[in-house]
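Undergrad: Given only the sequences and the hints, what does the whole structure look like? Please build it.
Line by line, the protein sequences are chains B, D, P and W.
Numbering of the first sequence is given in the working numbering, commencing with residue 5 and proceeding in unit increments.
Numbering of the second sequence is given in the working numbering, commencing with residue 5 and proceeding in unit increments.
Numbering of the third sequence is given in the working numbering, commencing with residue 5 and proceeding in unit increments.
Numbering of the fourth sequence is given in the working numbering, commencing with residue 5 and proceeding in unit increments.
Just so you know, the hints here were simulated from the structure itself, not pulled from any lab data.
Cβ atoms here follow ideal geometry from the backbone N, Cα and C, with glycine treated the same way.
If you want the footprint, here are the derived chain P segments under chain D, 3+ residues with CB under 8 Å:
(1) 84-90
(2) 101-110
(3) 311-324
Protein chains: 4
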Amino acid sequence: MSPSTTFHRAAVMPAPGMPIEVRTYPAPTIEEGAVLLRTIASEVCGTDVHLHHGRLAGVPYPLIPGHVSIGEVERVRGGVYDVNGLPISRGDVVTFLDVHGTCNACWYCLVAKATTRCPHRKVYGITYGAEPAPGLAGGWSERIYLRPNTRIIRLAHGVTPDAWIGAGCGLPTAVHAIELARIGLGSKVLIQGSGPVGLSACALALLSGAGWVGVIGAPELRLAAARSFGADWTMDVTQTTDKERLRAVRHATGGHGPDIVIEASGNPQAVPEGCELVRDAGRYVIVGQYTDHGDVGINPHSHINKKHLEIRGCWGSDFSHVYRAMEILVRFGSRIDWSSLITKRYGLEEVGAALADVEAQRVVKAVIVP
Amino acid sequence: MSPSTTFHRAAVMPAPGMPIEVRTYPAPTIEEGAVLLRTIASEVCGTDVHLHHGRLAGVPYPLIPGHVSIGEVERVRGGVYDVNGLPISRGDVVTFLDVHGTCNACWYCLVAKATTRCPHRKVYGITYGAEPAPGLAGGWSERIYLRPNTRIIRLAHGVTPDAWIGAGCGLPTAVHAIELARIGLGSKVLIQGSGPVGLSACALALLSGAGWVGVIGAPELRLAAARSFGADWTMDVTQTTDKERLRAVRHATGGHGPDIVIEASGNPQAVPEGCELVRDAGRYVIVGQYTDHGDVGINPHSHINKKHLEIRGCWGSDFSHVYRAMEILVRFGSRIDWSSLITKRYGLEEVGAALADVEAQRVVKAVIVP
Amino acid sequence: MSPSTTFHRAAVMPAPGMPIEVRTYPAPTIEEGAVLLRTIASEVCGTDVHLHHGRLAGVPYPLIPGHVSIGEVERVRGGVYDVNGLPISRGDVVTFLDVHGTCNACWYCLVAKATTRCPHRKVYGITYGAEPAPGLAGGWSERIYLRPNTRIIRLAHGVTPDAWIGAGCGLPTAVHAIELARIGLGSKVLIQGSGPVGLSACALALLSGAGWVGVIGAPELRLAAARSFGADWTMDVTQTTDKERLRAVRHATGGHGPDIVIEASGNPQAVPEGCELVRDAGRYVIVGQYTDHGDVGINPHSHINKKHLEIRGCWGSDFSHVYRAMEILVRFGSRIDWSSLITKRYGLEEVGAALADVEAQRVVKAVIVP
Amino acid sequence: MSPSTTFHRAAVMPAPGMPIEVRTYPAPTIEEGAVLLRTIASEVCGTDVHLHHGRLAGVPYPLIPGHVSIGEVERVRGGVYDVNGLPISRGDVVTFLDVHGTCNACWYCLVAKATTRCPHRKVYGITYGAEPAPGLAGGWSERIYLRPNTRIIRLAHGVTPDAWIGAGCGLPTAVHAIELARIGLGSKVLIQGSGPVGLSACALALLSGAGWVGVIGAPELRLAAARSFGADWTMDVTQTTDKERLRAVRHATGGHGPDIVIEASGNPQAVPEGCELVRDAGRYVIVGQYTDHGDVGINPHSHINKKHLEIRGCWGSDFSHVYRAMEILVRFGSRIDWSSLITKRYGLEEVGAALADVEAQRVVKAVIVP
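TA: Shown next, in the form of structure tokens:
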């Protein structure tokens with residue numbers, strides 16, 4: 005390492021359960037096709053809390069978390085292009101799909117066309133660790149190193165970094181869920197969960213022309229955000245029983261129940277309740293169960309078979325969801341203010357506090373500004 | 005009642021848990037648009053066992069069971085036509101959709117287009133009781149009275165009554181399930197359950213061009229029937245553990261697991277197992293849970309969300325499924341011998357024995373010949 | 005006919021090409037299940053112009069046109085219910101599906117499930133003539149006689165007769181087309197035609213979350229209506245060449261062309277142009293060709309095969325489309341003002357002028373107030 | 005070039021309309037990830053005739069045609085794997101997707117997910133010319149050079165080279181068309197065209213459980229092949245009028261017409277005829293129009309709108325279609341003998357005769373054995 009080597013600071017999870025540390029890494033060598041970003045902002049999402057508790061398998065600690073981030077291109081080596089064939093250049097403000105390395109060569113990619121189940125996928129900030137080189141693989145860092153073939157997209161004209169980070173990974177995730185939900189004009193849609201995924205799903209259901217959108221969640225801070233987006237109805241899950249919610253939802257939807265329910269709570273108990281709430285021959289999209297919180301009892305007869313129910317599990321996002329998310333912010337940013345979800349900003353030294361605030365649901369969206 | 009009144013004998017369930025009785029009913033008055041059939045044969049299905057134990061709600065005992073039947077038209081009043089506009093006439097050998105009274109006027113029929121959830125549906129042999137008049141509403145009877153607007157279909161040329169009754173209600177049910185399963189050429193399909201629905205689903209998967217069809221079930225008599233239909237692989241659920249089945253199915257399907265699993269066992273425990281067995285981003289059709297056998301534990305994270313699984317509950321049949329079933333017997337009757345599923349025939353006095361044989365799985369298909 | 009018989013006035017097309025006459029008909033006898041409406045308003049649609057020229061086959065002149073109408077229930081005999089099972093009562097303000105008699109018994113209804121192709125369908129104001137009895141089968145009349153099993157729907161709270169009639173048959177038709185169009189959030193949608201169907205399709209595309217909606221049509225009066233609904237882009241088809249339109253649409257949609265094109269112009273020439281305009285692997289819904297205006301040349305190689313194009317012809321509406329239309333007016337009536345499409349109102353004596361104004365496109369929507 | 009350089013012979017189209025020449029090329033340098041095949045056989049398809057006449061745009065003559073081929077791996081450099089992750093090794097008998105270079109990085113690949121419209125696609129034997137290096141890009145050659153990232157698949161156990169080449173590019177093309185056709189059990193399917201695509205579509209429709217499969221084509225040699233595959237009905241297009249065919253098809257399909265028509269003839273005139281033949285609310289897959297043979301007249305009203313028709317243009321294949329084709333040969337090779345389509349084999353010097361025989365339809369499938 006020469007005396008002139010530059011160093012970058014990053015917030016690191018050394019191992020599950022260990023306190024966050026700010027560490028310093030040398031600037032990486034830029035490969036052909038790679039990009040170095042100066043981080044503008046990176047989100048804290050519920051997954052980061054789970055990462056801190058060691059609840060995900062296959063995570064190569066030490067880890068620099070931060071899978072959805074925005075930055076300014078500081079260095080780029082060789083030709084790097086966006087999906088429209090336009091070059092990514094120094095000074096561009098960009099974001100990127102956190103998933104990298106979907107192989108386009110395996111049976112899942114080419115035959116099953118289930119690219120979110122490609123076994124070669126890696127995720128910045130989750131399954132790419134802080135080491136070995138090239139490192140700088142997460143957004144809670146002054147710089148982010150984007151390896152060749154990372155799917156990069158410029159922040160569109162009129163979209164602020166705050167809007168993108170306020171939406172965070174919840175928006176592309178919700179775009180994917182909404183795709184599976186196939187909302188028709190006038191459909192009645194219930195969202196279970198009022199975290200970032202639930203709030204974005206609420207917004208997207210409204211933008212899709214739903215005839216009624218309800219949200220069951222907590223705490224009130226988040227339900228208020230749902231109402232500010234335009235939700236027709238909200239109910240606090242911590243203040244009500246499942247029977248009360250069933251009665252209230254039936255009443256609010258004209259007796260039949262919602263045509264579509266989207267589970268975005270992560271609570272296994274939400275699943276049998278969603279099966280109860282959705283109308284007969286309806287559709288139930290389960291997108292919130294990203295972490296294993298154990299089993300739950302369902303009744304196959306009344307919840308699925310007799311109900312003639314369609315259930316769609318929804319795992320991961322691909323680049324199309326990031327691209328659509330950007331289009332949605334351009335188109336509907338004046339109608340839905342995703343930046344309003346940002347409750348608080350934290351420096352690299354404050355990451356521990358950010359995680360605690362997210363876990364305690366004291367914030368809707370916490371943002372790291374390195 | 006005049007001295008010349010004709011009487012017809014029928015096997016009746018007087019109430020749940022009570023022995024079957026043979027009772028005698030006067031010939032009904034034929035309304036305009038109605039048809040009286042001289043019964044040729046009627047099936048015993050698993051639902052009849054549940055009816056005998058009183059496991060279904062809303063059944064108006066006393067009941068003449070027998071929802072899939074075949075008969076010869078003895079009397080018809082006024083013009084009664086099939087879907088092609090051809091008149092139903094005396095002497096025709098016909099069958100009919102057991103569901104009657106789907107209203108084509110309610111929200112489920114007209115807006116949701118979920119006609120199998122129409123609240124006005126009635127089912128011959130299940131929710132139409134032996135009384136009051138007009139009665140004769142089930143097939144375990146010398147005559148069956150078909151009310152106006154019953155969907156009647158002639159037994160097609162080349163299709164024997166034995167083929168139709170051997171297929172029984174399992175075939176239209178499987179036609180509906182296969183519709184939801186959307187089997188592509190070469191798809192690998194696993195069937196859970198080897199009763200009449202499972203065996204028909206096995207046959208239909210093969211006829212749809214599946215690349216591999218496996219059946220998990222019991223007893224051996226039924227697994228042998230599956231193999232005689234062409235199943236590539238069978239496994240006895242009573243002789244193996246779930247881990248052994250998982251390993252064996254993975255091995256038989258090239259590692260990924262089947263693209264599609266169809267649950268036709270009625271055992272709640274089959275549901276989490278099916279979620280395990282099906283490949284990532286696959287499809288799971290649940291058609292066997294027609295009776296409530298209680299709750300079961302599933303893991304929403306690994307079974308649905310991370311798996312990116314599509315689950316389709318499948319309730320009931322409509323006339324299209326009966327029509328397609330007839331077409332399938334015409335087309336493929338020489339390839340799949342549904343009449344071979346008939347293990348034994350019973351007269352009206354032997355109905356109790358038939359029910360016992362079905363419950364003990366000593367027969368694949370029991371047929372009542374009044 | 006007793007001295008006390010009531011008579012109702014109606015505007016009648018005696019035969020193709022003949023001037024409209026106002027004739028008088030006796031009040032009909034109300035059958036069990038039938039309803040008599042006092043007409044509040046009835047629309048004039050482009051089809052009525054074609055009817056006047058005799059361009060439709062199978063029309064039983066003399067005819068009282070007016071297939072979408074709104075009225076107050078004056079008489080009802082027996083129980084008549086809406087899809088939610090609520091009774092239709094005297095004094096209710098209602099509208100109804102113009103299609104009557106879809107049989108729910110033929111192969112198209114029950115097997116193909118293509119109810120808009122049921123050969124038994126009749127249409128008020130088009131294929132039900134002024135004679136024989138019961139008559140009063142169109143809306144350009146003081147009273148409308150709704151036969152048993154007409155699908156009736158109450159005007160929802162907050163929806164004005166003007167909104168419903170301003171939307172007219174164009175709205176349910178567009179609801180059907182939009183269903184086939186499967187617009188995703190951010191989809192770019194081009195509408196060909198700015199008549200009532202095109203304008204409603206424009207509105208519904210916007211409400212469905214389209215990322216861009218363009219309209220090609222004429223005259224300026226209608227394009228202005230499209231813009232008032234929120235269209236992003238309009239172009240006058242009479243002032244531009246097809247090459248200019250292609251260039252402009254490509255430019256406005258980022259180079260690829262719109263993801264979805266909806267043809268609502270009725271001009272055969274629009275079809276090859278739509279095939280050119282839509283992007284590769286896009287979708288083209290053809291809903292405007294309700295009358296035969298002759299053949300047109302297309303290039304199967306470049307327009308369909310190489311383009312990997314999906315084309316969906318869209319014929320007719322069913323009750324679900326009327327029901328959804330009502331829901332849309334309730335939900336989005338404050339955002340899209342369909343009543344603004346009403347340019348002029350005409351009494352029964354002025355129907356000839358109304359037809360002339362519609363044909364000359366001097367009005368967007370002409371309304372008959374009997 | 006060293007004295008020890010090896011040379012390979014190939015049949016070359018020097019330019020449109022010029023006679024085929026056998027030329028000699030030096031063995032190429034093998035890049036990392038590339039494979040050199042010793043050609044076992046290569047097909048002649050209708051496209052090759054069009055190439056010879058210069059009817060395709062963007063072809064870089066001189067050209068070594070032959071896009072579907074089979075060969076033995078002679079050399080491989082670095083790790084080359086199949087979709088299951090198994091290495092491709094010297095001595096393996098393999099085939100490959102003729103399309104190369106689908107980028108997985110552009111808007112068509114990542115956002116529209118219309119990979120067959122990726123502008124970066126190249127096709128061996130069509131858009132990769134004989135020059136410049138590395139060359140040997142077509143199958144009418146002693147060796148074929150497979151560039152890195154070519155999608156290679158081993159000939160499955162039990163599948164003969166003759167079966168694969170007899171099926172040729174027609175089979176994957178038909179797999180794609182059948183995917184869009186969504187054939188249900190019992191569907192009635194009509195194929196227009198009896199060339200290799202039409203014959204494979206006929207076979208696949210039968211294997212998918214179609215209730216009736218008819219073929220309109222010529223000459224008799226090919227119709228006989230269709231019948232040997234199991235077609236229920238064939239008609240010689242050169243011996244009948246369109247009216248006769250319409251009458252005959254209606255009759256053979258019970259009056260309604262086929263549920264699904266697949267156009268595989270390449271004749272523009274087939275398109276309006278197919279629109280006539282298909283039943284109302286049916287589906288029409290257009291897969292045969294791979295070359296521009298000019299415009300044709302259709303009637304948008306009666307052919308598309310009133311018919312409520314779904315039309316699906318089908319362009320190109322991707323690797324999933326090749327993979328499914330191999331699975332189909334494994335599964336159904338004993339039922340459908342694709343090798344029987346090979347009428348004649350030709351050496352490299354006989355390629356001109358092969359093209360003439362294909363053009364004159366004297367053969368079903370001509371195979372080049374270099």
